[in-house]
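*Asks:* Next come the chains, spelled out residue by residue.
There are 4 protein chains.
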Amino acid sequence: MSGISLKKARIIIRKAMDAGNAAGMKPLSVVVLDAGGHVIAFERSDGAAPGRFAIAQGKAYGTVMLGMAGKAQMARAEAQAYFMAAVNGVYGGQVIPVPGGVLVRDKRGTVLGAVGVTGDTSDNDAAAALAGIEAAGLLGEA
Amino acid sequence: MSGISLKKARIIIRKAMDAGNAAGMKPLSVVVLDAGGHVIAFERSDGAAPGRFAIAQGKAYGTVMLGMAGKAQMARAEAQAYFMAAVNGVYGGQVIPVPGGVLVRDKRGTVLGAVGVTGDTSDNDAAAALAGIEAAGLLGEA
Amino acid sequence: MSGISLKKARIIIRKAMDAGNAAGMKPLSVVVLDAGGHVIAFERSDGAAPGRFAIAQGKAYGTVMLGMAGKAQMARAEAQAYFMAAVNGVYGGQVIPVPGGVLVRDKRGTVLGAVGVTGDTSDNDAAAALAGIEAAGLLGEA
Amino acid sequence: MSGISLKKARIIIRKAMDAGNAAGMKPLSVVVLDAGGHVIAFERSDGAAPGRFAIAQGKAYGTVMLGMAGKAQMARAEAQAYFMAAVNGVYGGQVIPVPGGVLVRDKRGTVLGAVGVTGDTSDNDAAAALAGIEAAGLLGEA
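Protein chains in written order, with this note's numbering: chain V, 1 to 142; chain A, 1 to 142; chain Y, 1 to 142; chain Z, 1 to 142.
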C-alpha cells in the first residue's frame, strides 16, 4: 500500500501532540499531507492561536512539493532569500521554509507525504513531528 | 467554556464518518471550523479525492462567516446567483454555497462554528454532519 | 468643508442601527466610506455574523466607485450579470451589487461617499442606511 | 460574556484616540478585531491618510492570528525576515508586523481579539492602543 492512511495520520497527530505535551511545549497544531501536498488530517490543540492551520500547512506544503525538509528549506532561505521567495511565488505563497516541516518516507525511502507542526519553537515543532512519524512506523526527515 | 473543543471536534468528525459508512455513503471528508471560520480539525477518509479539504472548508466557511447554513446559501444562489458570486468575491473565493455546510450552536443558540462535509450527495453530506454534531451534544442547522 | 467627518460618520452608523432596532431588524453592520471608497468608520452589532464587514464594504464600495447606488447596481446585475461580474473583476472582487449600498451627497448633490448596511433583507438594510444619512443632515440615494 | 462587545470596542477606539490627542500624536486610526480576526469596529480620525484602515487591520490581524503582539512580530521580522514574509503569504498578505498591533485579553488571560492603531510612530500607536484597552477594563499586550 502506498500513501499515508487516515489511521496512520491520526497516530502521527496524536503522538506528535503527546510528545509536545510531555516536553512541556506550547499547544501544538499538526497537519499531515499526502504525496501530492493535499491535506489528509489536521488538528489544532485547545489554546492554540486561530491561524495555526495555515502555518502548519505552509511548513508541510513546501516540504512535499520541493521534496526538501524544513531545515534544508531554512538553510536555503538563509543563503538565498530571494530564491525561496520566488519559489513561494510559483507555489501561490503557500510555503513557510522553517523547521517543523518534515518529510515522511516508507522503509524503502519513498516519499509518502509530509507533516507540519507549529506552536512552539521551530526546532521543538520538528522534534514533535518526528516523534509522531516514528510512532506510526514511518521515517521522518526534518 | 465557549467554542468547540478539539475533543468535541474529534467526536463530530468520527461520528459523521460513522454515519456515512453506516448509510453506505462514499468516503467522506469532514472539517470543523471555529466561530471565526478557522480550522480546528479535518479528516479525509481513505479513498476520497485529494481536493476534498478545500470543498469541505468552503462549505463550512461561508456558513460561519454569513451565519447562514448551506441550504439557505443554496436557496440564495438559486434565486440570485450574482449575489452569492459577489459574496464569494469579498471572501476570497472561499465559499461553496451548497448543503453540507452546517452551523453549530450550543443549547442557548450561540453559534460556535460550522461543520463542512463532502464526498456524497450534498444532502447526504448534510445528514452526516448533523449526525456528528448531535453526537457531540451540540445543535446543527443544515 | 468637503467630505464626511468622523463625527458625521458616527451619527450615520448610530442612527442606522437605531432605525434597525426600532423596526425589529436583525443586528446590523454599517460602514461609511469616503469619496475615494476608503473606510472612515465601521461598526458590527453584537450578535451579527463575523463576516459582516466585507459584505457592508462590498455594498458601499461599488456604490462610490461606480457612482451608482445599490438598487441601480442590482438592476444592472439582473439585466446583464456578466457586466457586473466583469466590473467586479476590475475592482478586485470587492463589489456586492445589491440594495444596502447608498450614495451620500451634500445639499448641492456632490457625492461625499457611501454607506453600506448588511444584516437584514437588502431593502431593510437600505432603509436603515437612509435613516442614518438623513439624521446626519445629508442626502442618501439608495 | 466572552468576546469584545461593540460597547467595549467603542470605548477602546475613543480612549485610544483621546490618548493620542492628549499626547500630541498625529491623527490616529483604530481597529478592533474579534478573536477570529474579524472587524468589530473601526474609526479613522479626520485628517488621517485614506489608506489607514488596511494598515490598522494589518497590525491587528497578524496579532490575533498568530497570538503574537506587534513588538514580538517585529522582533521576529528583524531576526528572520523571510519567515514573516512567508507567514504573510499564507495569510493573504494581510499582516503588518510592527508595534501598534496589540493583543486583548480578559482577566483570565484568554485572548478576546486585537487592536490595531496607526498614524503616529509605531511605539506611540502601541501606547495609544494600550490606553484604550485599559480604559475598557481589559488587558493589552503590545
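Don't take every hint at face value.
Which copy is meant is left open, so a pair is good if it fits within one copy or across any two.
[As the list claims (entries may be wrong)] 25 Å max Cα-Cα, derived DSS-like pairs, lysine-lysine: (1) 7 <-> 71; (2) 26 <-> 107; (3) 15 <-> 107; (4) 26 <-> 15; (5) 26 <-> 71; (6) 107 <-> 71.
The hints are simulated quantities; they were obtained by calculation from the structure and are not laboratory data.
*Asks:* Against each hint, give a clear statement of whether it holds in the structure.
*Replies:* Each hint tested on the structure:
no., hint, result
1, 7 <-> 71, "neither (27 Å within a copy, 32 Å between copies)"
2, 26 <-> 107, "between (31 Å within a copy, 20 Å between copies)"
3, 15 <-> 107, "within (19 Å within a copy, 33 Å between copies)"
4, 26 <-> 15, "within (15 Å within a copy, 29 Å between copies)"
5, 26 <-> 71, "both (21 Å within a copy, 20 Å between copies)"
6, 107 <-> 71, "within (21 Å within a copy, 39 Å between copies)"
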